[in-house]
Amino acid sequence: MIDIMCEVLTPENLTDALQLLAKADSTTKILAGGTDVVVGKTQGSKRFADTVTLIDINRIEELKGIFEKDGMISIGAATTFSEICKSKLVEEKLPLLKKASSTIGSLQIRNRATIAGNFVNNAPCADTVPALLVYDASIEIKSQAATRNISLQEFLQGPYKTQLQQGELVTRILVPTPKQNYAGDFYKLGRRRAVAISRLTLAVLILLNGKEIADIKIASGAVTPIGKRFPKLEEFAKGKVMTDNLLRDLSKKMGEEVLAVTGLRWSSDYKLPVVQQMFYQLLKGIER
Amino acid sequence: MEIKFILNGKEVSTITEPSLRLLDLLREKFDLTGTKEGCGVGECGACTVLMNGKAVNSCLVLAAQVNDSEILTIEGIAKGDELHPLQKNFLLNGAVQCGFCSPGMVLSSYALLEENPNPTEEEIKDAIAGNLCRCTGYKQIIDAVKQTAKELKMEVKA
Ligand SMILES: Cc1cc2nc3c(=O)[nH]c(=O)nc-3n(C[C@H](O)[C@H](O)[C@H](O)COP(=O)(O)OP(=O)(O)OC[C@H]3O[C@@H](n4cnc5c(N)ncnc54)[C@H](O)[C@@H]3O)c2cc1C
Ligand code: FES
Ligand code: FES
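Line by line, the protein sequences are chains X and L. The numbering of the first sequence is the working numbering, which starts it at 1 and goes up by one. The numbering of the second sequence is the working numbering, which starts it at 1 and goes up by one.
Here chain X stands alone, though its shape is the one from the complex (with noise of 0.2 Å):
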């Protein structure tokens, strides 16, 4: 029999939530999905040894649906990746993120696992985050005493890191609409297809203007340290014209800058041409 002996609040509103993460210390975490929380206290990890009490935040309606409003898509925190998966709104609008989410864990998984909780520890394997990041989305962070927005790129600070503060919930995930026609794809590689922790994860969306790339938006995951973007190879590739030489170009261009932000490690020999087949892959796929 396993308690993971924690006290659980569950708050029924985001005021009362507020509240308690105000009068909380650092031995106080929150509890969305408990897909990291309850494996990592199960497992004994040292993210969550200190931790002895859990806020609950899945009966707090603030934190749910997704809605569109003055040109922003604005996704609940605590919205499950099996709402995600389901929405017209993000399949129409957002179909990159809805592909990363269905991609996630397994059924059983993406029914309790939420947006939120996927970026808050800001793990290099979130495999919705550089969905996210090409969509240049935002969140929107509040404590008791203000509401604060900020983009998702500036809040991962670093592998593990992030810009929350104490007393601080992500209360909902802002995207602009996206106003014109981007094709794009998103591309995970695991050890097998459910149930695997990403190696590699690469989201691109690009703008054609004829055959010319009028926009281009390209991210990593997993198998960069954390979820980037990559804006000098977004300048480079602007402008031209999408022939298959520039494809191969990006793609080697793409190798060499993960490359430089990984270092070199034992398994840059494999993973190196992995990442430009890949991307150059993707590119193809788009282009068709």
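Hints in this document: simulated from the structure, not taken from any laboratory. Take the hints with a grain of salt, since some may be wrong.
[What the hints assert, rightly or not] Cross-link-like lysine to any residue pairs, in silico, SDA-like; alpha carbons within 20 Å at most: (1) X:Lys86 / L:Lys125; (2) L:Lys54 / X:Leu9; (3) L:Lys54 / L:Ser69; (4) X:Lys98 / L:Asn93; (5) L:Lys4 / X:Ser45; (6) X:Lys271 / X:Gly255; (7) L:Lys54 / X:Met5; (8) L:Lys125 / X:Ser82; (9) L:Lys54 / X:Ser82; (10) L:Lys139 / L:Asn93; (11) X:Lys29 / L:Glu17; (12) L:Lys54 / X:Thr103; (13) X:Lys86 / L:Thr120; (14) X:Lys86 / L:Asn118; (15) L:Lys29 / X:Ile206; (16) L:Lys4 / L:Thr14; (17) X:Lys253 / X:Ile213; (18) L:Lys29 / X:Met5; (19) X:Lys64 / L:Asp68; (20) X:Lys86 / L:Glu115; (21) L:Lys10 / L:Glu28; (22) X:Lys99 / L:Glu122; (23) X:Lys86 / L:Asn52; (24) X:Lys93 / X:Asn58; (25) L:Lys88 / L:Leu152; (26) X:Lys86 / L:Lys54; (27) X:Lys86 / L:Lys29; (28) L:Lys125 / X:Lys29; (29) X:Lys86 / X:Thr103; (30) L:Lys4 / L:Glu37; (31) X:Lys98 / L:Glu123; (32) L:Lys4 / X:Leu9; (33) X:Lys86 / L:Gly53.
Given chain X's structure and the hints, the job is docking chain L with the ligands onto it.
For chain L with the ligands alone, coordinates are given in the frame of chain X:
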């Protein structure tokens, strides 16, 4: 703490530690040992139960979170002595070998058919991707789900 919930169609209440796993609550407090523990960390699906109609790993849900919810376990799907069509077809297709994965497999399949009475093979595979079976090789399980879908459809027509 005291929690109240609906367990296999009946309202129940119990005093429990708030951070006990639902898996242990079912097995130890309610003697429902059909729900199995494999990995204990969300990877094998042996502990699958339905929570408000959705398949979840009961090793990752805490007792406090079960308050006011509806839980269905493998003990709750037969009608008295009459097996649920999924249970019957699992047996007929040789989809139960050692049987350790079967409660979880049946419940994942049950949730699928409730939501999607006419699943494709891909949809069946996706629904049971979080349930590991070390004996059957899955084919028999997929056949059993297909056959059940067909039978349930005929029942609706009849
Ligand atoms: C078997 C298995 C397979 C998995 N497969 C994948 C996979 O394929 N891809 C992938 O990316 N991940 C995977 N994961 C990891 C995990 O499921 C995801 O990262 C998930 O999104 C975590 O969300 P959660 O709601 O369950 O988080 P929880 O465990 O509830 O919380 C995680 C962390 O975030 C904090 N937190 C949660 N919500 C908030 C909030 N609103 N504000 C502030 N802090 C918050 C918590 O305090 C905790 O530190 C897997 C996990 C398991 C067990
Ligand atoms: S015991 Fe819960 S998923 Fe393995
Ligand atoms: S029948 Fe033995 S694990 Fe599936």
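Taking the earlier hints as the rules, which of them does this structure contradict?
Hints 2, 4, 5, 7, 15, 24, 27, 28, 30 not satisfied by this model.
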